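Peer 1: Sequence:
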Amino acid sequence: MHHLAVQVSLLKTENKHLREAFINEKKKKKHGKALIFPVPQQKTSGATFYSPKKIQ
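All residue numbers for the sequence shown refer to this note's numbering, where the first residue is 1 and numbers rise by one.
Derived by calculation from the structure, the hints in this document are not laboratory data. It should be emphasised that the depicted structure is a prediction, and the values quoted were computed from it without experimental measurement. The beta carbon of each residue, even a glycine, is placed where N, CA and C say it ideally should be. Just so you know, not all the hints are guaranteed correct.
Below are the SDA-like pairs computed for lysine to any residue, each with C-alpha atoms no more than 25 Å apart in a straight line [to be verified]:
#1 12 x 25
#2 33 x 22
#3 16 x 33
Quick list of simulated restraints, FRET-style, between CB atoms [unchecked claim]:
#4 49 x 25: 34 to 40 Å
#5 52 x 31: 15 to 21 Å
#6 16 x 50: 43 to 49 Å
Sequences and hints are given; from them, build the entire structure.
Peer 2: Below is the structure:
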(Lines of atoms letter the chains of each structure in order from A; the text may use other names.)
(Lines give C-alpha, C1' and ligand atoms only; values in the text may rest on other atoms or scores of the structure.)
Protein backbone atom coordinates (compact mmCIF):
# COMPACT_ATOMS: atom_id res chain seq x y z
CA MET A 1 0.00 0.00 0.00
CA HIS A 2 2.86 2.39 0.84
CA HIS A 3 4.36 1.72 -2.60
CA LEU A 4 1.17 2.92 -4.34
CA ALA A 5 1.00 6.06 -2.21
CA VAL A 6 4.58 6.93 -3.16
CA GLN A 7 3.83 6.34 -6.84
CA VAL A 8 0.76 8.58 -6.69
CA SER A 9 2.75 11.31 -4.97
CA LEU A 10 5.52 11.13 -7.58
CA LEU A 11 3.03 11.19 -10.46
CA LYS A 12 1.22 14.20 -8.99
CA THR A 13 4.52 16.06 -8.65
CA GLU A 14 5.54 15.17 -12.20
CA ASN A 15 2.14 16.23 -13.53
CA LYS A 16 2.42 19.58 -11.73
CA HIS A 17 5.86 20.28 -13.21
CA LEU A 18 4.77 19.26 -16.70
CA ARG A 19 1.77 21.60 -16.50
CA GLU A 20 4.04 24.47 -15.41
CA ALA A 21 6.45 23.75 -18.28
CA PHE A 22 3.54 23.68 -20.73
CA ILE A 23 2.23 27.03 -19.49
CA ASN A 24 5.73 28.56 -19.76
CA GLU A 25 6.10 27.33 -23.36
CA LYS A 26 2.65 28.65 -24.21
CA LYS A 27 3.60 32.10 -22.86
CA LYS A 28 6.75 32.15 -24.99
CA LYS A 29 4.80 31.51 -28.19
CA LYS A 30 2.47 34.49 -27.84
CA HIS A 31 3.14 37.05 -30.54
CA GLY A 32 1.99 40.59 -30.97
CA LYS A 33 -0.08 41.88 -33.84
CA ALA A 34 1.59 42.48 -37.17
CA LEU A 35 1.84 46.14 -38.12
CA ILE A 36 0.13 47.09 -41.36
CA PHE A 37 1.74 50.16 -42.84
CA PRO A 38 -0.12 52.36 -45.31
CA VAL A 39 1.16 52.29 -48.88
CA PRO A 40 2.64 55.68 -49.82
CA GLN A 41 0.73 57.53 -52.56
CA GLN A 42 3.88 58.75 -54.28
CA LYS A 43 6.73 56.56 -55.38
CA THR A 44 9.85 57.69 -53.61
CA SER A 45 13.35 56.44 -54.06
CA GLY A 46 14.24 56.99 -50.41
CA ALA A 47 13.32 55.23 -47.21
CA THR A 48 9.97 55.81 -45.54
CA PHE A 49 10.07 56.62 -41.84
CA TYR A 50 7.19 56.08 -39.45
CA SER A 51 6.80 57.64 -36.03
CA PRO A 52 4.90 55.91 -33.21
CA LYS A 53 2.11 58.50 -33.63
CA LYS A 54 1.58 57.52 -37.27
CA ILE A 55 1.42 53.81 -36.46
CA GLN A 56 -1.29 54.17 -33.82
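Peer 1: So, for every hint listed, does it hold in this structure?
Peer 2: Right, here's what the structure says about each hint:
no.: 1; hint: 12 x 25; in the structure: 20 Å, holds
no.: 2; hint: 33 x 22; in the structure: 23 Å, holds
no.: 3; hint: 16 x 33; in the structure: 31 Å, violated
no.: 4; hint: 49 x 25: 34 to 40 Å; in the structure: 37 Å, holds
no.: 5; hint: 52 x 31: 15 to 21 Å; in the structure: 19 Å, holds
no.: 6; hint: 16 x 50: 43 to 49 Å; in the structure: 46 Å, holds
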